[in-house]
Amino acid sequence: MYQTTYHRASSVDEAASLFGKSSEAKFLSGGQTLLPVMKQRLASPSDVIDLGKIKELIGVEAAGDTLTIKAATPHYDVATSDVAKKAIPAVAYLASLIGDPAVRYRGTIGGSLANNDPAADYPAATLALGATIKTNKRSIAADDYFKGLFSTALEDGEIITAVSFPIPAKAGYAKFPHPASRFALTGVFVAQTKSGDVRVAVTGASQSGVMRVGAIEAALKANWSPLAIDSVNIPASGLLSDIHGSSDYRANLIKVMAQRAVAAAG
Amino acid sequence: MSTVKLTVNGKAVAVDVEDRTLLVHLLRDHLNLTGTHVGCDTSQCGACVVHMDGRAVKSCTMLAGQADGANVTTIEGIAKGDELHPMQAAFRDNHGLQCGYCTPGMIMSAIDIVHRYGGQLDEATVRHELEGNICRCTGYHNIVKAVLDAAGRMKVSQAAE
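Here the protein sequences come in this chain order: A and B. For the first sequence, our numbering assigns the number 1 to the initial residue and increments by one for each residue that follows. For the second sequence, our numbering assigns the number 267 to the initial residue and increments by one for each residue that follows.
Because the hints were derived from the structure by calculation, they are not lab data. Quick caveat: nothing in here was measured; it's all calculated off a predicted structure. Every residue, glycine too, gets a C-beta built ideally from N, C-alpha and C. Hints may be right or wrong, so weigh each one.
[Said to hold, decoys possible] Pairwise CB distance ranges, derived in the manner of DEER restraints:
1) Arg-419(B) / Lys-21(A): 49 to 57 angstroms
2) Ser-17(A) / Lys-271(B): 22 to 30 angstroms
3) Gln-207(A) / Gly-276(B): 46 to 54 angstroms
4) Asp-65(A) / Cys-403(B): 47 to 55 angstroms
5) Ala-355(B) / Ser-237(A): 33 to 41 angstroms
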């Protein structure tokens, strides 16, 4: 590992203040992305500020129509949370599919959303459910948060503290994982809100990161059924094409995963 | 430099390390616990898995400082004196290794799997749960057999305690 200075923050305020005093700091949550990226020197922060032990950032709560997952809660704790499984089972299921068991013990929802990897799982649930990203400065609607590959609306030094998901009438997630990395080659999260609106978000497929798919949303709004997606045309333009799958292949995966997600949602 | 204080295999230790030190290097280079291996150094192979506060984590993907205050168990800490841990005994009896490089991580992950599932394990579950541990020799067949065997033994030994 290359040179850096490690700080453990005991509160969000202390973390923000440490960030302000450093030249090129990065926040460290579970470290399952940042540390590998530092080893490759794709990031070389002067300081890493550990958020992982801040008590106010850990926990899963449901109140009224909202499921709130605090930012430094590991994926394993979300996947096994009775609160999450009761409120939005599809979110707990999504968390159970991330990486491998050792990664799920360490990786966190806040880290996943701050990094915004185009093939990460949580962005799909966050966008499809119309969640709100809470930070130490403000609340950001999911629709305004994702700004393309590895880009978000977060400002320098801004810390995600929690994510609030409106509890939907129905939701489901299906992903075709890359067999080695378990990242989504394509993952689709479908949600029907309590007011009857339908939102569908896709991760892993688009050149611009997580995206909504209006054509599938319209089809499902008319008829909430996997069959309704049969006749939807998904254009391959703008989709990723690499050694793992062509853009045509991913376009087909979007349909198939959307159908499986609807089937799972019931 | 900072001093990292943690408990390793039941013993309290304080180690002066550079901030950039990974947990696996603290264990191997500073405490001479070389049973924990570095296979890929990219979080994929699982040869470096140890238990931290009861959870199986990849020690190459943690800074030593993140383990400050934690209770860490390595492959060296699971046997009771000369008596192998049931998972170690099952790996030996089922020939669950060839070169042995991945074995410490396999065993630490496997113990965690049994703890999470209790005796409710089947072959498909073991194979799926071991997806973060890579073995290039065995084809996994005897590893899976060993984990299933140990799940039964651990249930018996827990019941006896």
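Cross-check of the supplied hints:
1. Arg-419(B) / Lys-21(A): 49 to 57 angstroms: Given about 53 angstroms between the Cβ atoms, the range holds.
2. Ser-17(A) / Lys-271(B): 22 to 30 angstroms: Once the Cβ atoms are compared, 24 angstroms apart, the range 22 to 30 angstroms for Lys-271(B) and Ser-17(A) holds.
3. Gln-207(A) / Gly-276(B): 46 to 54 angstroms: At roughly 52 angstroms between Cβ atoms, Gly-276(B) and Gln-207(A) fall inside 46 to 54 angstroms, so the hint holds.
4. Asp-65(A) / Cys-403(B): 47 to 55 angstroms: holds (53 angstroms)
5. Ala-355(B) / Ser-237(A): 33 to 41 angstroms: violated (58 angstroms)
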